[in-house]
Amino acid sequence: MTSPMAPNASSVGAPGRRTVYSMCGMCAVRCPMEVTVEDGRVTWLQGNTHDQALGASLCAKGAAGLFLESDDERPQTPLIRAGERGGGQWRRVSWDEALDYIAGKLTETIDVFGGRGIALSDRGGPFTDLTQTFVRALGSPNYFDHDAACAGNVHNATRSLYGFGAAGLLFDYQHCKHLVLYGRNVVESLMVKEAKAFMAAVARGMRCTYIDPRATITASKATRYWQVRPKSDYALNLAIIHEVLEQDAYDKDFVARFVSGLDYLREAVKDTTPEWQEPHTGVPAAELRAFVTEIAADAPHVIFHPGWMSARHRQSFYVSRSALILNALMGSIELPGGCVLGKPPEHYGRKGLNHLTDRVPEVKEPRVDGAGGERPQWDPAIGMLHQAFAAMETGQPYGIGAYFAYRHDPFTGMPDPEATQRPIEKLKLLVSIDVRYSELGWFADVILPESTYLERANILGQMNGPVPVFAMRDQAIAPRFDSRPAWWIFREILHRMGITQALDFETIEELWNYQLDGTQVTVAEMREAGIVPLADAPRLIPRDELTFPTPSGKIEIESEVLKQAGLESLPAYVPKEAPAGEKFTLLFAKTATLAQGQSLNNPLLNERAPRQVLWIHPDRAAALGIADGDEVEVNGGGRYTGYLPAKVTRWIHPDAVFMLHGYGATVPLATRARGLGVADQRLQHGKLYDFDPAGGGCALTETVVQVRRRTSEGAAG
Amino acid sequence: MSKYELRHDEANCIGCLACEVHCKTNKQLGPGPDPCRVIALEPVEVGGLPRTRFVFMPCFHCEDPWCVRACPTGAMQKREKDGIVFVEDSLCIGCKSCIAACPWGTPQWDPATNKVVKCDYCMDRIDAGLQPACVTKCVTGCLSFGEANEVPDPRRERYARYILAEPAGGKDTSP
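If you're matching them up, the sequences are chains A and B in order. Just so you know, we're using my numbering here: the first sequence kicks off at 1 and counts up by one. Just so you know, we're using my numbering here: the second sequence kicks off at 1001 and counts up by one.
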């Protein structure tokens, strides 16, 4: 039987030269981009200049998209597992067979576990209306984005204070006088638009205080660098808040009108003096005082950045939360040079995109992770994926029998993939939908090849910002292989489950028209520019009209939601023991050419990838007989040991070692990435269920590793 | 020298290597040749702060290019009208004389064609009224291109701001 084809977006394959507006798919930032297509071939990629803050800029990963497109080392047809899970034996099958197989297994799952026994995770972003619709249509509340290992803590911290999520605050670097970054490595963990705005602000003379146990390139651009002890940033913030109150350096008018819980705050920080924090963080008390004086002079045009990837340690939620409190104390909310609130289209009298989720009935079942229910402090819109794994493993609070990983690789992004194999083993169905072979995908029952971002169109996205925009990823070229776009894949699975209403669209244009209905924006307008702003210029909310969607309508320093959850709004700092001897806290990060594990099999990005080395402080290295360039072995307590060269440098705190993340891939069909370097997530032994209870995010840097110079016996082993 | 200047405003560079990849994709190069490179040096301490330095290395487009003199076939040429040094692909026999001759390692060997490739300021784009690929798509805008003296130079103004504003207590910690 011939597999059904997915229709291409209109004009795909047209002869001659044309410009198609898309969104980059080389990392999860998804920059708007302009694609030049000549006779059905992509010849040029650049940023979408209709987005003035971006211009034509594109990062190395974005440019290397051409090589994702031309690469044969990606799934080319649907594959069904033929041997053991992870055994690497696959059968090429038609789409019909793959989709029928999935539908059969879903039916089995529903019979045993009910609809709620189906889970899906993706990497969040502007297109989740589709995946949420798919999950909901199957009768499950269990949609997860990847934020358990990324922005979950900062997201939920923002929610607990301001009532909206992390995307609700946008940082106006352009007019900012002093930016405070807690390891937010703006110029390496790259969002092009943000990095561009940051560098323009630095060139203009913006002060930047950068706080990180490791001196990144962002530290190289800062006007102050504090090499704090790992995981001590919450102590630092408690002392900064103490000193702000002590110096009376807060915006009294703003706090009186818009903030509740100042007394609670005073009580929480009454003993956390600059002197108190000094032994915890290593920052001299006098420097902290000088910093607060400087900040106060620059207020309200100051930003305490609450973080992006914030799945760091067990009090990471409170690092974000205390940074967000500092913004409130500075009165830097909804002001130029401060934290500007994300506006929905309605703010400008416009209508937003119609939701696909409105086409399916709401699911009343409680989420398997308790988010929004037993754990009211976790946003049910993102969930916490480690708890889905826990449920797969234990059947508690109820079982999960089928799991879709859509362009998400928890074996790279989540800690301890060896441990994650236990829950995975119990599944009736594991499906990887991806443009590449992921580490998790290799253990799947079915791999469905999604067309690359240049070969597919997505549903439209809506981004609320100072000015909300609609954004389009149009299809530039026809797929090279037997792949399909996501909207079609999810539609076909639902059809086979007898669910026709949810995604009843024959073409992407038909789907877009549903989304755009009533918005006064047309598909043709979207195609002309790729992004359509819904207002001419940003309009700040006047102070008189400012309210927050919290229970009290104010910024809640003492949070009702946290109280309900039985959590403190600002608990005491938990002191960190300094690891000694061969023990170190393991830190990780990426550079501008890396996108977690996604980039290393790309021929050009593989070529650009830095050699992975282990940063170690000279004092600690000397004590262990480790010289710069020596091969060292690193072990996290499990069976996995990594070997890599040492980089002895004073730009890492003595308590920590550091390595780049995304290395150490194992999939045999991804030959360029396979075996390259060490997988830090495999050193995060025993950390799968270690998380910050308040924010839900993984506590990845609670990992302590043992580091030794590699001996000849080690080399033999 | 060529009449152009490809300016690297080092202070505004973040070492993201986008320029290297933009260059390669414009010339349709796979792994191997790098017509331009950004070299990052280990952080050094300046006024108590870490400072990472970057050096951008495309081609200098010399006045009297040794690569042109070394080329036995006339493939390596200097363009009369603007001084751009480029390889005429159809004449290159891949002998690597230019690679040996250049003091800066600018000409690159392309294993896909067995010929030499080098920075030619993206002549094709310049002649079409565009900017070189590295400049067009630079993430921070630290690269700029044009006829010398017409390229924007932010350095004096920035230095003036530093000495007047003293952002870090009087220490010059300019990034």
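What the hints contain is simulated information worked out from the structure, not anything from laboratory work. Keep in mind that a hint or two might mislead.
[Claimed, not checked] Counterexamples of contact, computed for chain A against chain B with all Cβ distances above 12 Å: (1) Ala14; (2) Gly86; (3) Ala222; (4) Thr591; (5) Lys647.
[Unchecked claim] Quick list of in silico lysine-lysine cross-link-like pairs, DSSO-like style, CA-CA up to 30 Å: (6) B:Lys1027 with B:Lys1081; (7) A:Lys590 with B:Lys1081; (8) A:Lys364 with A:Lys563; (9) A:Lys105 with A:Lys364; (10) A:Lys105 with A:Lys428; (11) B:Lys1081 with A:Lys193.
Heads up, the beta-carbon is just placed ideally off N, CA and C, and yes, glycines get one too.
How the hints compare with the structure:
1. Here Ala14 of chain A stays apart from chain B, with its beta-carbon at least about 22 Å from theirs, past the 12 Å limit.
2. Non-interface call for Gly86 of chain A relative to chain B: holds, since the shortest CB-CB distance, roughly 30 Å, exceeds 12 Å.
3. Non-interface call for Ala222 of chain A relative to chain B: violated, since the shortest CB-CB distance, roughly 7 Å, does not exceed 12 Å.
4. With a least CB separation of 8 Å from chain B, Thr591 of chain A falls inside the 12 Å interface cut-off, contrary to its annotation.
5. Once the 12 Å rule is applied to beta carbons, Lys647 of chain A is inconsistent with being away from chain B; the minimum gap is 9 Å.
6. Using a Cα cut-off of 30 Å, the hinted pair Lys1027 of chain B and Lys1081 of chain B holds, with the two alpha carbons roughly 22 Å apart.
7. With a C-alpha separation of about 44 Å, the suggested pair Lys590 of chain A and Lys1081 of chain B falls outside the 30 Å cut-off, and the hint is violated.
8. At most 30 Å may separate the alpha-carbon atoms for a hinted pair to count; Lys364 of chain A and Lys563 of chain A meet this at roughly 24 Å.
9. At most 30 Å may separate the alpha-carbon atoms for a hinted pair to count; Lys105 of chain A and Lys364 of chain A meet this at roughly 23 Å.
10. For the hint linking Lys105 of chain A to Lys428 of chain A, the alpha-carbon distance of about 7 Å falls within 30 Å, and the restraint holds.
11. The hinted pair formed by Lys1081 of chain B and Lys193 of chain A fails the criterion: a straight-line CA distance of about 37 Å is larger than 30 Å.
Of the numbered hints stated above, those contradicted by the structure are hints 3, 4, 5, 7, 11, listed in ascending order.
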